[in-house]
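From just these sequences and the hints, can you work out the full model?
Protein chains in written order, with numbering that gives the first Met the number 0: chain X, 0 to 327; chain F, 0 to 327.
In case anyone wonders, no lab produced these hints; they're calculated from the structure. Possibly wrong hints are sitting among the right ones.
If chains are identical, the list can't say which one is meant, so a pair holds when it fits in one copy or spans any two.
Claimed, not checked - Quick list of in silico lysine to any residue cross-link-like pairs, SDA-like style, CA-CA up to 20 angstroms: (1) Lys-148 / Thr-309; (2) Lys-226 / Pro-124; (3) Lys-58 / Leu-41; (4) Lys-287 / Asn-31; (5) Lys-215 / Asp-147; (6) Lys-255 / Lys-287.
Values in this document were obtained by computation on a predicted structure and should not be read as measured data.
2 protein chains.
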Amino acid sequence: MESKLPDGIYDIAIVGGGVVGFAAAMYAGRFNLKTILFGDSLGGTIILTDVVENYPGFKRVTGLELAKALEEHAREYDVEIKEEKVAKVEGSGNCYRLWDESGGSYYSKAIIFATGTKVRKLGVPGEEEYANRGVHYCALCDGPIYKDKALAVVGGSDSAAKEALLLSQFGRKVYIIYRGENIRPEPINGERVARNPKIEVITQTNVKEIKGKDGKIAHLVLDKPYKGNNIFPVDAVFIEIGHLPLSDLAKGLGVKLNGKGEIIIDRESKTNIPGIFAAGDVVDTKFKQAITGVGEAVSACYSAYQYINTTELVCLVGDGAQNRNSKA
Amino acid sequence: MESKLPDGIYDIAIVGGGVVGFAAAMYAGRFNLKTILFGDSLGGTIILTDVVENYPGFKRVTGLELAKALEEHAREYDVEIKEEKVAKVEGSGNCYRLWDESGGSYYSKAIIFATGTKVRKLGVPGEEEYANRGVHYCALCDGPIYKDKALAVVGGSDSAAKEALLLSQFGRKVYIIYRGENIRPEPINGERVARNPKIEVITQTNVKEIKGKDGKIAHLVLDKPYKGNNIFPVDAVFIEIGHLPLSDLAKGLGVKLNGKGEIIIDRESKTNIPGIFAAGDVVDTKFKQAITGVGEAVSACYSAYQYINTTELVCLVGDGAQNRNSKA
Numbered sequence: 000m001e002s003k004l005p006d007g008i009y010d011i012a013i014v015g016g017g018v019v020g021f022a023a024a025m026y027a028g029r030f031n032l033k034t035i036l037f038g039d040s041l042g043g044t045i046i047l048t049d050v051v052e053n054y055p056g057f058k059r060v061t062g063l064e065l066a067k068a069l070e071e072h073a074r075e076y077d078v079e080i081k082e083e084k085v086a087k088v089e090g091s092g093n094c095y096r097l098w099d100e101s102g103g104s105y106y107s108k109a110i111i112f113a114t115g116t117k118v119r120k121l122g123v124p125g126e127e128e129y130a131n132r133g134v135h136y137c138a139l140c141d142g143p144i145y146k147d148k149a150l151a152v153v154g155g156s157d158s159a160a161k162e163a164l165l166l167s168q169f170g171r172k173v174y175i176i177y178r179g180e181n182i183r184p185e186p187i188n189g190e191r192v193a194r195n196p197k198i199e200v201i202t203q204t205n206v207k208e209i210k211g212k213d214g215k216i217a218h219l220v221l222d223k224p225y226k227g228n229n230i231f232p233v234d235a236v237f238i239e240i241g242h243l244p245l246s247d248l249a250k251g252l253g254v255k256l257n258g259k260g261e262i263i264i265d266r267e268s269k270t271n272i273p274g275i276f277a278a279g280d281v282v283d284t285k286f287k288q289a290i291t292g293v294g295e296a297v298s299a300c301y302s303a304y305q306y307i308n309t310t311e312l313v314c315l316v317g318d319g320a321q322n323r324n325s326k327a
Numbered sequence: 000m001e002s003k004l005p006d007g008i009y010d011i012a013i014v015g016g017g018v019v020g021f022a023a024a025m026y027a028g029r030f031n032l033k034t035i036l037f038g039d040s041l042g043g044t045i046i047l048t049d050v051v052e053n054y055p056g057f058k059r060v061t062g063l064e065l066a067k068a069l070e071e072h073a074r075e076y077d078v079e080i081k082e083e084k085v086a087k088v089e090g091s092g093n094c095y096r097l098w099d100e101s102g103g104s105y106y107s108k109a110i111i112f113a114t115g116t117k118v119r120k121l122g123v124p125g126e127e128e129y130a131n132r133g134v135h136y137c138a139l140c141d142g143p144i145y146k147d148k149a150l151a152v153v154g155g156s157d158s159a160a161k162e163a164l165l166l167s168q169f170g171r172k173v174y175i176i177y178r179g180e181n182i183r184p185e186p187i188n189g190e191r192v193a194r195n196p197k198i199e200v201i202t203q204t205n206v207k208e209i210k211g212k213d214g215k216i217a218h219l220v221l222d223k224p225y226k227g228n229n230i231f232p233v234d235a236v237f238i239e240i241g242h243l244p245l246s247d248l249a250k251g252l253g254v255k256l257n258g259k260g261e262i263i264i265d266r267e268s269k270t271n272i273p274g275i276f277a278a279g280d281v282v283d284t285k286f287k288q289a290i291t292g293v294g295e296a297v298s299a300c301y302s303a304y305q306y307i308n309t310t311e312l313v314c315l316v317g318d319g320a321q322n323r324n325s326k327a
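The structure is reproduced here in C-alpha cells:
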C-alpha cells in the first residue's frame, strides 16, 4: 500500500494549517495517502482564542493547546507539513498544481481547502493609521498591555462577547459597541457579560471614526451621542465584527461560492469541482465551530480518498511527462 | 435567561447516551436550554472499542475513556442525564411527549435522536443457540477469555479488521472470514492485518451454520471448502457484519428514513419534521465516525436552539393545561 508517486506529486494537498487542516491531515495519514499540508501560520485562528470550552472532550483548554493537540495528532502519521502560504493553484491535466510563496511547486490529485478566514476591518478613518497603536483585532494578543485602561470592543457576536470578557481581566472598563439592537452571544457568555460589572453594552451605535494624537488613539467618534457626547475616549478599541472567508484560491479554480464568498460544500464536503473539497470556517456552514469544521475535514478526507481511488488521474508534470495513475 | 419551564417540560430531549448525545447535551447546556438526556447504557457503542486513534485531539484512547471525557464535559453544564431507555414518543400539541421504560413521562419542545445502532446478526442456524457460548459481537468484551484459542471474525469492514487485531492479542490464530473479494479496512488497519502473523484472511466465503456440542461452539460450516473442508473448527466466532440504525422511535413520528433505515438529515441535522433533529450513527451520513457524529450533534443542537427561539410552542400537558411559550 506504499505510495509510488514520484517526488513532488501528492495524493492530497491540504491548504490551511489550523485545526481543520490538521484533522484532515491526520485522516489522510491514516488512509495512507501521500499528503502535504500548507499553513503559513500553523495553528490557525483558534490560537487567538483564550479559552475554548466547547470542543467536545476538552472541558477547558486554550486555543493554542487545542491547536497543538491536533497538530501533534496529525504528526503521528506520515504527512508532510510545510510552513508556507500557497500563492497559486491551477488545474493541470486532471490534477492540480500548487505554488508556494517561496517558488516551490507541487502536484496533487486532490485538494482540501481549509483556509479559514481573515478578520473583517471596520473600514473607518483612523483604523489603518492607529493599527497596533490602539486599534487591535485580538484581545488575547494585545489586551494584556492595557492594564486599568478604558477599552472598547466593536461587534455583537459571541466572539465580541468573549473578547470583552477577556479584556475585562485587564482593563478597568470595557464597552461593547454594537450597531444592532441586542448583542447575540451564546447564552452562557451573554450571562457572563451581564454579570460582569466592568462591562457595559452600548447598542444601536456605530463607530464613525477613530481619532488620535501623538501617534496613538485618543477617542472614537460615535454616530449618536453616548451620555450626551459623540466623542468617546478610549485607550484602545478591539474590532470584532466578523471574518472574511479566504476563498480566492478556490474561486480561481471555478469553485462555487455563496454570496458571502464562502465555499459551497455538500454533506460530504465536496465542492462543485471534482477533486476539490473544503471544510471549516471557509465553507458555507451556518453554525461554524471548531468541532463542526473538524467533522467536515474528516468527511472531506474520506471523499478525497474515494475520489482518488475511483478516478483515473493524469498529472501533466514539468516537461509534459505524464504520471498516469489508475486505481479504478 | 433562566428557563421558566414547569417541572417535566424541557426545551430539548436528547435520546441516546453515547458520545454524540453527550456532545449535544454539552452544547444544549451552553445554550441554557432546559435539557434532558436519556441513555439506557451511558457511553454508547464506542465503549466496545478497544483503541480509538482517530478522534482529532486524542492520539490514542480507549473507547471508554473517550466516552467518559465527553460525558464529563456534558456534566459540566446544567443538564439532566437519565439512565433510562425511551420506550415511546408521541407528538403532543406541537411539542413532544416521551415515556421512559419505568413509566415516567416528559414533554419536550425539541428532540435530538442520537440513538446509534445495534449489531447486525448473521442470521444462520446456531447463532442464537450458541450466543455467549462461542458466538460473540464484541472482541473487547468477550475476547480475553479465549487465550490461545482458534478464533474467527466474520466481516470485512474496518471494524472487522480491528476486532481481529484485538483478538490476535489473545488467540493463537484469528481467521477473518468475509464474503467479498477483499476486506476493506482503513489502510492503516489493513497493513496491520497483513503484517500480523496470527491473522489469516479467507475471502469469498460465507458461514452457513454454527455447530456445537456439549453446549458450546465446535465448528462453523462454510459455503465453500477451506483447505478441502467445509467444516471449520473454531473456539469462538465474532460477528462483525455491521449495524442496524435504531430509528424506530423517529419513524413513529413520521421522520423520513432512507432504504437502510437511517434517519435522513440535512447539513443542519434537521429531519423532515419540525423540532426533530438527529445525529451520529443513526443518520444517513456515508462515512460515519465518532467525530462526524459529534459535529452533527453540535449542528443539531444549534438548529434546535434556533427552532425553539423562533417557534411558538404549545405543549398539551397532562389534564390539557397548556404551556404557551413564545420567544419569537
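Structure versus earlier hints, numbers of those that do not hold, lowest first: When the structure is compared with the hints, numbers 1 and 2 turn out to be violated.
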